[in-house]
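Colleague: Kindly produce the complete structure, drawing on both the sequences and the hints.
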Amino acid sequence: MKLLAKTNRIYLTFSLVIYLLTAIAFYQIIRLVIYDEVENRLRVERRDFEAYVRAHNAWSNIPYFVENKINVTPVRGEVPPISLEIFTDTLILNRYDDELIPFRQLTFYESIQGKIHRVEIRKSLIQTYRLIEVITVAMLLFLGLLLVGNFWFQGKLSGRLWLPFYDTLSRLKRFDLSSVTALTLDKPEITEFRELNDALQKMADKMQQDYRSLKEFTENASHEMQTPLALINATVEQLIQNEQLTETQTHWIERIYQASRRISRLNQGLLLLAKIENRQFSDSQPVDLSALLSEKLSDMDEVLSFKQLSVNVQRTEPFEVQLPVSLADSLVMNLVNNAIKHNHPHGRIDLVSTKDQLCLSNTGGPLTSSPERLFERFKKESAGTDSVGLGLSIIRQIGDSYGLSISYQETAGIHCFRITKVVS
Amino acid sequence: MKVLVVEDEQGLAESITDYMVKDGYVCETAATFREAEEKIHLYTYDCVIVDLTLPDGNGFQIIEALKRLLVTTGVIIISARDALEDKLKGLEIGSDDYLTKPFHLSELNARVKSLLRRRQFGGHTEIRFQEIVVVPHTRNVFVNGQPAALSRKEYDLLLYFLSNVDVALTKASIAEHLWGDNIDSADSFDMVYSHIKNLRRKLLEKGAADYIQSIYGIGYKFSQP
Numbered sequence: 001m002k003l004l005a006k007t008n009r010i011y012l013t014f015s016l017v018i019y020l021l022t023a024i025a026f027y028q029i030i031r032l033v034i035y036d037e038v039e040n041r042l043r044v045e046r047r048d049f050e051a052y053v054r055a056h057n058a059w060s061n062i063p064y065f066v067e068n069k070i071n072v073t074p075v076r077g078e079v080p081p082i083s084l085e086i087f088t089d090t091l092i093l094n095r096y097d098d099e100l101i102p103f104r105q106l107t108f109y110e111s112i113q114g115k116i117h118r119v120e121i122r123k124s125l126i127q128t129y130r131l132i133e134v135i136t137v138a139m140l141l142f143l144g145l146l147l148v149g150n151f152w153f154q155g156k157l158s159g160r161l162w163l164p165f166y167d168t169l170s171r172l173k174r175f176d177l178s179s180v181t182a183l184t185l186d187k188p189e190i191t192e193f194r195e196l197n198d199a200l201q202k203m204a205d206k207m208q209q210d211y212r213s214l215k216e217f218t219e220n221a222s223h224e225m226q227t228p229l230a231l232i233n234a235t236v237e238q239l240i241q242n243e244q245l246t247e248t249q250t251h252w253i254e255r256i257y258q259a260s261r262r263i264s265r266l267n268q269g270l271l272l273l274a275k276i277e278n279r280q281f282s283d284s285q286p287v288d289l290s291a292l293l294s295e296k297l298s299d300m301d302e303v304l305s306f307k308q309l310s311v312n313v314q315r316t317e318p319f320e321v322q323l324p325v326s327l328a329d330s331l332v333m334n335l336v337n338n339a340i341k342h343n344h345p346h347g348r349i350d351l352v353s354t355k356d357q358l359c360l361s362n363t364g365g366p367l368t369s370s371p372e373r374l375f376e377r378f379k380k381e382s383a384g385t386d387s388v389g390l391g392l393s394i395i396r397q398i399g400d401s402y403g404l405s406i407s408y409q410e411t412a413g414i415h416c417f418r419i420t421k422v423v424s
Numbered sequence: 001m002k003v004l005v006v007e008d009e010q011g012l013a014e015s016i017t018d019y020m021v022k023d024g025y026v027c028e029t030a031a032t033f034r035e036a037e038e039k040i041h042l043y044t045y046d047c048v049i050v051d052l053t054l055p056d057g058n059g060f061q062i063i064e065a066l067k068r069l070l071v072t073t074g075v076i077i078i079s080a081r082d083a084l085e086d087k088l089k090g091l092e093i094g095s096d097d098y099l100t101k102p103f104h105l106s107e108l109n110a111r112v113k114s115l116l117r118r119r120q121f122g123g124h125t126e127i128r129f130q131e132i133v134v135v136p137h138t139r140n141v142f143v144n145g146q147p148a149a150l151s152r153k154e155y156d157l158l159l160y161f162l163s164n165v166d167v168a169l170t171k172a173s174i175a176e177h178l179w180g181d182n183i184d185s186a187d188s189f190d191m192v193y194s195h196i197k198n199l200r201r202k203l204l205e206k207g208a209a210d211y212i213q214s215i216y217g218i219g220y221k222f223s224q225p
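If you read the sequences in order, they're chains B and D.
The numbers in UniProt numbering rise by one with no breaks, and the one at position 271 of the first sequence is 271.
The numbers in UniProt numbering rise by one with no breaks, and the one at position 215 of the second sequence is 215.
None of these hints come from the bench; they were simulated from the model.
Just so you know, even glycine gets a beta-carbon here, dropped at the ideal spot from N, CA and C.
Treat the hints loosely; a few may be bogus.
Claimed, not checked - BS3-like, lysine-lysine: derived pairs with alpha carbons at most 30 Å apart: (1) D:89 with B:275; (2) D:67 with D:39; (3) D:113 with D:206; (4) B:307 with D:153; (5) B:215 with D:87; (6) B:421 with B:355.
Unchecked claim - Non-contacting residues of chain D with respect to chain B, defined by C-beta distances greater than 10 Å in every case (computed): (7) 24; (8) 29; (9) 44; (10) 67; (11) 89; (12) 98; (13) 117; (14) 120; (15) 145; (16) 204; (17) 224.
Modeller: The following block contains the structure:
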């Protein structure tokens, strides 16, 4: 749920509850005030009534010509105390329009000509009820308007207030750690957002710097390693010029030599992987991979005929991809080397390419591990070979970095590498 | 032939020098940029082998200075960086070759020889070893005056041997010389063997002595029997 939607929802519920409570309280207060007023007036009339009875010692209906205003009835039986005063709500049928009309009624007892009478004075509430209705409707209307207005304003305001936040968020999403462009964030006037941006900026800069120094470290370490390796190789080469070497010594020297060559190849492989990851290659350009592959296969004719492999190329259309030239070369070289290395004598290599996909398959033994795992670094299908186990990782890394999907599967002794373009 | 080796790794410079001196070169070393600069201003060299990363400067600057002084000096870059940009830049400013570390001394030696041949005689020179004569610019091989029909790889192999006479060559260095760095060694060693067998057969057929000796566990050596 979006932040603004959430705050709006909370605000709306809260306001509705508050407004409803306010409306109820308001209604009650108005009713209370009006009843108080009516009751005060009824008390005044009671005093008028008592004064009249005292003066004339009798009771006449004349001053109360309005219907239902007063009702005087003699009391039989037990007499309640004179001081009693009871207010009640009552409904009385209107004679003219046959309607029940609300009245407030004051009941008290009065002695007229020595006899106790029950006196009921009434006041119509019809006016006050209308008043309450009008006030309530008006209030609801105004409160509703206020609610909608507030809601609208609040939405607008939040949108504006949170604008720097959303801006920061979208920039963060676009931020690429490995790119050279640093993260640039605005300095909004709201302190919290400014502090947030400052903190993020600092973090991003630090991250980028760490990433860069790690990258540089890997690169430098690999480079620095090449020189001592060159020294080992050169020394070994000098050592083997010695003619008095025994067989055991030769064996040891050979082992040193092989190991140092392996390290060197490992190093070059890792360096290449790091460079692809860091996108340290010059601009991509259109490369016809299928043409490059068949060219490389014909370059390897000697190895192919030595291992008695037959090559079958079916190219209908060029399979063009965007790659830096040197990486296209690495990719093709690794694919071809792989197809040759894991083949068996008298095997075959097939290259089938269309406009949208390229498939290089070779015969070979059945796989013992999952094909996906072979793309991982240092994963080798066969132990003890001279390979360092980086070839397929390099293939995959090139694919990942330049929008190519490279899959590998084995069915009935046919190993197939399929390259397709990833539609972005 | 005078060669200058500009390399800050003392051991490596020593190895290169030893190898070159054995082959009859006059070899000097410079471990720093300043030293190298001084030497190229004082003396003339036929070939300069330059490491790109030096403690106090860049190998490219030495090449540029060298090319200003004497254009005919051959330049071979040896670098730990295997970057296309570096190779292109090197060629652009006048270097003749680029070797990535680690390299084989025999390969470096072969490259130096090939470079010097090209530089000094425009490639129009013959390489002679006993009864074998190689004419590089036409890629012909004669044994006792008789032309020998060698395949492209056999020719390259012979030339590599002739550049490193009396030197034990590893199978790996031969394989890489013939097929480049990316060759997979397991297969290539067998291929090296079959090429050497063919070359030896062809030379023997034309009446040459058997110069190719195999050294157990290491590789091959081309020398007087």
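Colleague: Determine for every hint whether it applies to the structure shown.
Modeller: Here is what the structure says about each hint:
About 19 Å separates the Cα atoms of residue 89 of chain D and residue 275 of chain B, which keeps this hinted pair within 30 Å; it holds. A hinted pair counts as satisfied when its Cα atoms are at most 30 Å apart, and residue 67 of chain D with residue 39 of chain D qualifies at roughly 14 Å. Between residue 113 of chain D and residue 206 of chain D the alpha-carbon distance is near 26 Å, which keeps this suggested pair within the 30 Å criterion. Annotation: proposed proximity of residue 307 of chain B to residue 153 of chain D holds, straight-line Cα distance about 17 Å (limit 30 Å).
Note on residue 215 of chain B and residue 87 of chain D: the hinted pairing holds, with a Cα-Cα distance of about 22 Å set against a maximum of 30 Å. With a CA separation close to 10 Å, the supplied pair residue 421 of chain B and residue 355 of chain B stays within the 30 Å bound. No beta-carbon of chain B comes within 10 Å of the beta-carbon of residue 24 of chain D; the shortest separation is about 15 Å. With a closest Cβ-Cβ approach of about 13 Å to chain B, residue 29 of chain D is found to remain outside the 10 Å limit, as its non-interface label requires.
A cut-off of 10 Å between C-beta atoms confirms that residue 44 of chain D is not in contact with chain B; the least separation is 26 Å. At roughly 25 Å, the least C-beta separation between residue 67 of chain D and chain B is larger than 10 Å, which holds for a residue marked as non-interface. For residue 89 of chain D, the non-interface assignment is confirmed: its Cβ lies about 12 Å from the closest Cβ of chain B, beyond the 10 Å cut-off. The claim that residue 98 of chain D lies off the interface holds: its Cβ sits roughly 14 Å from the closest Cβ of chain B, which is beyond the 10 Å cut-off.
Once the 10 Å rule is applied to beta carbons, residue 117 of chain D is consistent with being away from chain B; the minimum gap is 22 Å. A cut-off of 10 Å between C-beta atoms confirms that residue 120 of chain D is not in contact with chain B; the least separation is 26 Å. For residue 145 of chain D, the shortest C-beta to C-beta distance to chain B comes to about 30 Å, beyond the 10 Å cut-off, and the non-interface label holds. No beta-carbon of chain B is positioned within 10 Å of the beta-carbon of residue 204 of chain D; the least distance is around 22 Å.
With a minimum CB-CB distance of about 13 Å to chain B, residue 224 of chain D clears the 10 Å threshold, and the non-interface call stands.
When each numbered hint is compared with the structure, no violation occurs for any of them.
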